[in-house]
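**Q** First to last, the sequence lines map onto chains A and B.
Heads up, the final residue of the first sequence is numbered 453 in the working numbering, and it's a clean run with no missing numbers.
Heads up, the final residue of the second sequence is numbered 295 in the working numbering, and it's a clean run with no missing numbers.
Keep in mind that a hint or two might mislead.
To be verified - Derived list of chain B stretches under chain A, where covered just means 3 residues or more per stretch with a C-beta under 8 Å from a C-beta of chain A:
(1) 174-188
(2) 191-204
Claimed, not checked - Listed next, with one range per pair, are the computed distances between beta-carbon atoms:
(3) B:268 with A:349: 44 to 50 Å
(4) A:227 with B:199: 33 to 39 Å
(5) A:282 with B:255: 47 to 53 Å
(6) B:254 with A:438: 54 to 60 Å
The hints are simulated quantities; they were obtained by calculation from the structure and are not laboratory data.
Because the structure is a prediction, the values reported are computed rather than measured.
Heads up, the beta-carbon is just placed ideally off N, CA and C, and yes, glycines get one too.
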Amino acid sequence: MSHKKELIKFQIDGLTVEAEKGQMLLPAALEYGFEIPHLCYHEAVSPYGACRLCLVEVTKRGRTMMTTSCNYPVDAGLDVATNTENVQRARQMILELLLARAPHSEKIRAMARDAGVEETRFRVIEDADDCILCGLCERVCREVVGANALTFVNRGDRREVAPPFGDPIACIACGACVYVCPTDCIKMKEEGDERTIVRWKRTLKMQPCQSCGKPFAPVFQLNWIIERAQLPKDFYALCPVCRKTKKG
Amino acid sequence: MTGAQLENILKKHDYQKSSLLAILQDVQALDNYLPRKTLEAMSQRLQVPLTQIYYLATFYRAFSLTPRGDHLVTVCTGTACHVKGAATILNTLERELAVQPGETTSDKKYTLETVNCLGSCALAPLVVLDGHYHGRMVGTKVLSLLKGDKKDASKKS
Ligand code: SF4
Ligand code: SF4
Ligand code: FES
Ligand code: FES
Chain A
206 MSHKKELIKF QIDGLTVEAE KGQMLLPAAL EYGFEIPHLC YHEAVSPYGA
256 CRLCLVEVTK RGRTMMTTSC NYPVDAGLDV ATNTENVQRA RQMILELLLA
306 RAPHSEKIRA MARDAGVEET RFRVIEDADD CILCGLCERV CREVVGANAL
356 TFVNRGDRRE VAPPFGDPIA CIACGACVYV CPTDCIKMKE EGDERTIVRW
406 KRTLKMQPCQ SCGKPFAPVF QLNWIIERAQ LPKDFYALCP VCRKTKKG
Chain B
139 MTGAQLENIL KKHDYQKSSL LAILQDVQAL DNYLPRKTLE AMSQRLQVPL
189 TQIYYLATFY RAFSLTPRGD HLVTVCTGTA CHVKGAATIL NTLERELAVQ
239 PGETTSDKKY TLETVNCLGS CALAPLVVLD GHYHGRMVGT KVLSLLKGDK
289 KDASKKS
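With these hints in hand, go ahead and build the complete structure from the sequences.
**A** Right, dumping it as structure tokens:
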């Protein structure tokens, strides 16, 4: 099997661009500086196509259609339009829906403002927790961290992301999901030598640095990494700061 | 479910991760629900993350994570049924079976559930027993329904 990359050419808003065949359209366009709003895409994980915000119009062999760009593989000769009236209208509608679901999210409010949406015509969910079910937390936990602590649960209007049986036993409190969540609805607290991932109700003791004494990461997480990566047992005796200074 | 019973089911499916759904169906068929311990054991034996199993278990309505009785009694508490006295019927059932909605009687015979409108509002108030609709319910009727009084039960109104 050859791993040589095949570069192809296509058009975005009239500009000829180059990308690797089969690469997803969204990252290719972002690389060229086109601004396509997106919420459920993150370069670290596989695309999921859930939020539908990244809609564009693609013309292929004379046929035009609206498609999400984060999970659309590019091909030679495509003609992509990122900001047509159709696209704008669809985007505004999606942002209104998202506003109703995640009324407190600064990011979504800003995106809506940018798209010219001031308010939503949909009923704002009472005491919304701002989760838009983008699934980024679940994907990062599974694909990047490998902890498999989260999953989609139920379906229909009871659908949510949660640990199995509501028990976060597999969560190592690494905070990766906190970092990728686009609506900031996964909060992390550090108090004394404990770290809590509030949304998943996971609290873990943190390991104090052998040199400066400051707690720096959950013991459970460190042991987990040591075991998986087969590192020496004392690999994480020092916090990252002291480790650097010790190495000089 | 005993460990041996689970082992038999797994063996039957050749310990294939791709047969997860079929395995869950067999577990559900045996116990009428999916016990947490069994799912955890499955995760271990098949080397499949519990998250993946739990996802399927909560996605399909055919599965239940709480024990199920032999019979499922569903009381519609939608608007129309509510207006026509669903609450009284529900109360009667709760008292008779000594369970709350979502629970199963200790003899594992009945599971009581509520639902929001079954689209048969003309028959309100509505009770569904094992998939059969029984309209225009009243407290006394629902009790004879449970006791298997076929005359009342088959009257579909
Ligand atoms: S904090 Fe827990 S749930 Fe979040 S990514 Fe890390 S292991 Fe997964
Ligand atoms: S918690 Fe955040 S990252 Fe996870 S699905 Fe909800 S919005 Fe997405
Ligand atoms: S970013 Fe493409 S659908 Fe969400
Ligand atoms: S409200 Fe009960 S069937 Fe519609």
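**Q** Confirm or reject each hint.
**A** Verification of the supplied hints:
no., hint, in the structure
1, 174-188, "holds (count 4)"
2, 191-204, "holds (count 6)"
3, B:268 with A:349: 44 to 50 Å, "holds (46 Å)"
4, A:227 with B:199: 33 to 39 Å, "holds (37 Å)"
5, A:282 with B:255: 47 to 53 Å, "holds (51 Å)"
6, B:254 with A:438: 54 to 60 Å, "holds (55 Å)"
Consistency note: the structure conflicts with none of the earlier hints.
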